[in-house]
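Here's the letter readout for the chains.
Protein chains: 2
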Amino acid sequence: MSEPFDLRMPLEEAMETQRAIRRLKSDPVDDGLVLRLLELALKAPTGSNAQNWEFVVVRDPAVKARLARRNRQAWGVYGGIGRRLARGDAKMLRLLDAVQWQADHFEQIPVLVVACLRGLRAPFPPLFATSYYGSIYPSVQNLLLAARAAGLGAALITLPLWSTISVRRILGLPWNVTPCAVVPLGWPIGRYGPTTRKPVGDVVSLDRYGHRPFRRR
Amino acid sequence: MSEPFDLRMPLEEAMETQRAIRRLKSDPVDDGLVLRLLELALKAPTGSNAQNWEFVVVRDPAVKARLARRNRQAWGVYGGIGRRLARGDAKMLRLLDAVQWQADHFEQIPVLVVACLRGLRAPFPPLFATSYYGSIYPSVQNLLLAARAAGLGAALITLPLWSTISVRRILGLPWNVTPCAVVPLGWPIGRYGPTTRKPVGDVVSLDRYGHRPFRRR
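For the record, the sequence lines run as chains V and L.
The working numbering puts the first sequence at residues 19 to 235.
The working numbering puts the second sequence at residues 19 to 235.
These are calculated hints, taken from the structure and not from any lab test.
Certain hints may be false.
If we take Cβ atoms under 7 Å as the criterion, some of the chain L residues that face chain V in the derived model are [said to hold, decoys possible]:
1) P22
2) E72
3) D78
4) R112
5) G137
6) L138
7) Q159
8) N160
9) L179
10) I183
11) S184
12) I207
13) T214
14) V221
15) R230
16) R233
Below 20 Å or equal to it, Euclidean Cα-Cα: the simulated SDA-like pairs (lysine to any residue) are [said to hold, decoys possible]:
17) L:K109 to V:K216
18) L:K109 to L:T35
19) L:K216 to V:R136
20) L:K216 to V:R77
21) V:K216 to L:K216
Cβ pair distances, simulated, as ranges [what the hints assert, rightly or not]:
22) V:R102 to L:T35: 36 to 42 Å
23) V:A104 to L:R136: 17 to 23 Å
24) L:P217 to V:R112: 38 to 44 Å
25) L:G208 to V:P46: 16 to 22 Å
26) L:T214 to V:G106: 31 to 37 Å
27) V:Q118 to L:R187: 39 to 45 Å
Here a beta-carbon is modelled for each residue, glycine too, at the ideal position from N, C-alpha and C.
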């Protein structure tokens, strides 16, 4: 099944240069490559070794079109708010432009991967909720990193899933399979490259929240 | 800040050999290494580029002891159920043994990283919940993969967090900072190595849930 794709990029380099790539070419992406990326996604931790993840690979234009519509509906609301909040913030406006591009070209994205979980999603207590999502997002991050190593553009989005009922209908998901995240995959128009982040010392506390001995002076 | 630790392991190898390492030596782990791993954790995606993560690095024995107690309380309930369900399942019983070992030796773990999120945790609608946890678990997975590349044992656990109120008090977290996951770090007693997973074709559908053309016959 797994053809030899080159995914030997050093871990550090893959992480340092991973970023959301939203502008994607419509050129085809090989099934074997997508499966190899998903194979690596499955190596991520899974709570109680349940492996209760399900991945729907969407290539059918009709299914894509229906998800594109859901995405545009959510983006119509969220994007408008975002633009108002981002006024004057050039970096955030660039991000919003990229999300707009993605919404406008959603049907042309070669592959959408919808990551789902089987089993009850208990929103309460917090322990159940965090354990639940902790069984899908590590695999999604493996998928994103592996895509980066393969040179394939990818991003983590959730807007197309605003109506779980509708997405269940579109993908034929049973009631006990919940869509959690969407990863659009395609060869990048943009480039991978370093992201800008706060210094690590600003978000790390020692022993007690707010005690920040690692903060650069 | 970041000393040169060797984290150049090929991405594919790191993913293929990442597994929960629960039996850890009490030998010290360098602060610089922990910070470098967290620096890579921050390269993960973050919703709307909010970077609203907070990491509490716990080394203080008194704080560890309080988290150890919370962990044992949850494990007392969950572990008992687990053993009854796992009867006859040798693999699951080995996993439970490792979790038991971890609970028994929790105070001797050199470093606990508590991954938290700032901001409101809305349990409903599902879109908010999944977007929320989608902003912390990718960074946790980066931390786990980077630990693996460094040869440092790590695992993803949530049991010590069963009482959010108590953990907020132990770590001095403000009301709007929610603990999501704990990663115990230490030099491994056990070894990293391949995990066993279902074949990828068994958890991947094409276009519609249950349509499994990639399943091996």
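Quiz item: Between A104 of chain V and R136 of chain L, does the beta-carbon spacing fit 17 to 23 Å?
Solution: holds (19 Å)
Quiz item: Measuring from the C-beta of D78 of chain L to each C-beta in chain V, is the shortest one below 7 Å?
Solution: holds (4 Å)
Quiz item: Does the structure keep K109 of chain L and K216 of chain V at a Cα separation of 20 Å or less?
Solution: violated (42 Å)
Self-check item: CB-CB spacing for T35 of chain L and R102 of chain V relative to the 36 to 42 Å hint
Solution: violated (47 Å)
Exercise. Double-check R112 of chain L for me: the hint is only fine if its C-beta lies closer than 7 Å to a C-beta in chain V.
Key: Since the shortest Cβ distance to chain V is 10 Å, the answer is violated.
Quiz prompt | Hint check: 7 Å Cβ-Cβ cutoff, L179 of chain L to chain V | solution = Interface hint status for L179 of chain L: holds (6 Å vs cutoff 7 Å).
Quiz prompt | Interface hint compliance - S184 of chain L to chain V, C-beta minimum distance less than 7 Å | solution = violated (12 Å)
Quiz item: Does the Cβ-Cβ separation between P217 of chain L and R112 of chain V fall within 38 to 44 Å?
Solution: holds (41 Å)
Exercise. Mind checking the CB of V221 of chain L against every CB in chain V and telling me if the closest is under 7 Å?
Key: Holds - the Cβ of V221 of chain L comes within 7 Å of chain V, reaching about 6 Å at its closest.
Practice problem: Verify the interface restraint on T214 of chain L: the C-beta must sit less than 7 Å from at least one C-beta of chain V. | Solution: Violated: closest Cβ of chain V sits about 9 Å from T214 of chain L, beyond 7 Å.
Quiz item: Has the given pair, K216 of chain V with K216 of chain L, been kept, meaning a C-alpha gap of at most 20 Å?
Solution: violated (38 Å)
Quiz item: Was the hint right that R233 of chain L lines chain V, CB cutoff 7 Å?
Solution: Not OK, violated: R233 of chain L not within 7 Å of chain V, min 10 Å.
Checked against the numbered hints listed earlier, the structure breaks hints 1, 4, 5, 6, 10, 11, 12, 13, 15, 16, 17, 20, 21, 22, 25, 26; every other hint is satisfied.
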